[in-house]
Amino acid sequence: MISLLTDFGPGSEHVGALHAVLAVGCPGAERIDLAHDLPPGDVRGGALTLARLAPLLPGAVHLAVVDPGVGTPRRAAAVELADGGALVGPDNGLLGPAAATLGATAAVALTPPSQGAATFHGRDLFAPAAARIACGARVADLGEAFDPAELVTPDLPAAEVGDGHMAALAVGIDRFGNVQLLAGRADLAEAGFTAGDRIWAAVTNRRHPATVGRVFADVAPKGMLVHIDSHGMVALAVNGGSAATRIGVATGALVTLGRWFPEGR
Amino acid sequence: MISLLTDFGPGSEHVGALHAVLAVGCPGAERIDLAHDLPPGDVRGGALTLARLAPLLPGAVHLAVVDPGVGTPRRAAAVELADGGALVGPDNGLLGPAAATLGATAAVALTPPSQGAATFHGRDLFAPAAARIACGARVADLGEAFDPAELVTPDLPAAEVGDGHMAALAVGIDRFGNVQLLAGRADLAEAGFTAGDRIWAAVTNRRHPATVGRVFADVAPKGMLVHIDSHGMVALAVNGGSAATRIGVATGALVTLGRWFPEGR
Amino acid sequence: MISLLTDFGPGSEHVGALHAVLAVGCPGAERIDLAHDLPPGDVRGGALTLARLAPLLPGAVHLAVVDPGVGTPRRAAAVELADGGALVGPDNGLLGPAAATLGATAAVALTPPSQGAATFHGRDLFAPAAARIACGARVADLGEAFDPAELVTPDLPAAEVGDGHMAALAVGIDRFGNVQLLAGRADLAEAGFTAGDRIWAAVTNRRHPATVGRVFADVAPKGMLVHIDSHGMVALAVNGGSAATRIGVATGALVTLGRWFPEGR
Chain A
281 MISLLTDFGP GSEHVGALHA VLAVGCPGAE RIDLAHDLPP GDVRGGALTL ARLAPLLPGA
341 VHLAVVDPGV GTPRRAAAVE LADGGALVGP DNGLLGPAAA TLGATAAVAL TPPSQGAATF
401 HGRDLFAPAA ARIACGARVA DLGEAFDPAE LVTPDLPAAE VGDGHMAALA VGIDRFGNVQ
461 LLAGRADLAE AGFTAGDRIW AAVTNRRHPA TVGRVFADVA PKGMLVHIDS HGMVALAVNG
521 GSAATRIGVA TGALVTLGRW FPEGR
Chain B
281 MISLLTDFGP GSEHVGALHA VLAVGCPGAE RIDLAHDLPP GDVRGGALTL ARLAPLLPGA
341 VHLAVVDPGV GTPRRAAAVE LADGGALVGP DNGLLGPAAA TLGATAAVAL TPPSQGAATF
401 HGRDLFAPAA ARIACGARVA DLGEAFDPAE LVTPDLPAAE VGDGHMAALA VGIDRFGNVQ
461 LLAGRADLAE AGFTAGDRIW AAVTNRRHPA TVGRVFADVA PKGMLVHIDS HGMVALAVNG
521 GSAATRIGVA TGALVTLGRW FPEGR
Chain C
281 MISLLTDFGP GSEHVGALHA VLAVGCPGAE RIDLAHDLPP GDVRGGALTL ARLAPLLPGA
341 VHLAVVDPGV GTPRRAAAVE LADGGALVGP DNGLLGPAAA TLGATAAVAL TPPSQGAATF
401 HGRDLFAPAA ARIACGARVA DLGEAFDPAE LVTPDLPAAE VGDGHMAALA VGIDRFGNVQ
461 LLAGRADLAE AGFTAGDRIW AAVTNRRHPA TVGRVFADVA PKGMLVHIDS HGMVALAVNG
521 GSAATRIGVA TGALVTLGRW FPEGR
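Protein chains in written order, with our numbering: chain A, 281 to 545; chain B, 281 to 545; chain C, 281 to 545.
Calculated from the structure, these hints are not laboratory results.
One or more hints might be untrue.
What follows is a list of derived Cβ distance ranges for each label pair [said to hold, decoys possible]:
1) A:Pro437 x B:Gly339: 42 to 52 Å
2) A:Asp363 x B:Ala417: 42 to 52 Å
3) B:Pro489 x A:Gly520: 33 to 43 Å
Glycine included, every Cβ here is placed at the ideal spot set by N, Cα and C.
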């Protein structure tokens, strides 16, 4: 089983090329598209997505390509996982969280194709390596070993939390306009926000009212909800609308949440 | 065979999660993506799409998730079909038309995962149920039975038709800007519109000229065509352009067609 | 093995319908999505994409549908390839380059479904033919033979090249804003552009500076690179940005490159 996660865009010929190389390189392997709509170059978002989806497919080879530094000397890696699977992709932070979640037992640097020709590493380096592993090759035989502890980790700053206050990065925005923050249940608790609390969310100095809750039914239509999403992260959602549009946020921006005082604004 | 139809967005990690759960839950089952680009929350459009695509795959398990009410008490359902297949998804209107088209022989309410934790019903409830059915479980064993006649049906208002006049809902807009109306061949006939007639189409009070025809060749480049589309529905199309943009329509809006009199405007 | 290439849009029900027809028409055949995000009606771009991806899948049946002329008398074709595979789609230029690249050994005109009913040729004509070929039917048995040399070829104008100057069509723009030109390595050499040269690129009379190079590392962040891409074509790219947005280009427009003189503007 081979999974694919890229920022190539759904339905793009770049994704098609990966599938073609995998289909020919390891006939019979099942291929599963995990995500292809990541924001271009969003290594951090890709890393977090891979870390939460890869555990759903124990023993699979995960081909992940979000690679704004293609052509630079960043390392190309294959990582052997404790669950019997593997990660293959650029060692730019994309693989670190999944390796930490699943446990890495070995890692090698893949040798890029000849630097004399322009190359598409997804098609020419990573997909062939993933196909070989899926068809039985050992990770250790594909390149020069390095300590998996050296895998690059993306910058994942902890949320800043105080009583009645939290600031955290927006790390994922989906099609529905749900905004996922780099913060978890403990952060929400530490801020003292509990179900039913009226709070505000802001990216600029404009504060937008929200309610701490669990499901859309906890807020009125078009109301904004701050909740723990299905991945265990703090997230903003608008009932029947887009939280991303409401507060004007893009991936990578800092979102501030604060307690709303009746007299405040 | 398991089909998937959602409003999660093509290439999104939400679709990836469904595939992963299905691949592990019923190894060897073939998975077919029917549609993932439905407008967010468009239960009616999803229901009509499912009803016309599901018959192409006799005996398949159809996993359908357009679920703006997730987290509310709306019923989660699995439906046994006369063709040996099944429908799995929220009972919010999404499944009704397909059940009617294919014939429902039994239905059960699925028990949602613990309400104590935030859940993603597609991943945590519907996909596991679909995988179990695809791998041989009986629908009747998955929950508490209810009469399939009680399945919710979406609001599908009949077209209003008079001589030289028709008003119908826009229920589908594709990438080419083709606008599908909730009206069929009989409605067009009842309005007295026949091939070659010059008519107008309007959403607001601005009327746009169109010609009743069968193929783009029946109108000049950039001309608008009113025809019966490949699903048997009345549809608007612009030769080399977008009918949706031309008349300024969004899914769910009412479109009026009328006979164009030479002296009229 | 059956590949699919269309302009239907990723995740659209039109793509879903093709998959459903293929899955039922030739059970067990592997299906590979090559591309579905081609600009609507972009026959030339589709033809070039098909010609470069099809060779990755020797022996496969390639179902290609970019068909702005559906409903007109354009020929519907199935083409037998020298590699044992086949092409199926409208004979409007879409198949010509792939047939030339892979070698065509026979061709037939497919008989369209009854003209009395509106039809979706992808679903009703091309996909069933592709399924039959994938399951063993001979191309010659599917329609009336014609000389494959008669396959329509899209308009592929050669780049105009002079010393220090080149003008070529933009034939592909991907999600990253990379702009692929209908020109190759020889054209770049003929223009006298070599690595490190400072040149300009323009669509209108506004000239944008660029550097001839090989990888993004050859230009500063937000700098524009002119290089040979992984398909061997001249392409424009912006390091950490979009070349398409930078120069304001759409598919089909003419892009001019010129040598930048210090005193020039």
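Hint-by-hint comparison with the structure:
1. Checking the proposed 42 to 52 Å range against Pro437 (chain A) and Gly339 (chain B) shows it holds: the Cβ atoms sit about 51 Å from each other.
2. Take Asp363 (chain A) and Ala417 (chain B): their Cβ atoms lie about 27 Å apart, and the range 42 to 52 Å is violated.
3. About 36 Å separates the C-beta atoms of Pro489 (chain B) and Gly520 (chain A), a value consistent with the hinted range of 33 to 43 Å.
In this structure, only the earlier hint numbered 2 is contradicted, and the remaining ones agree with it.
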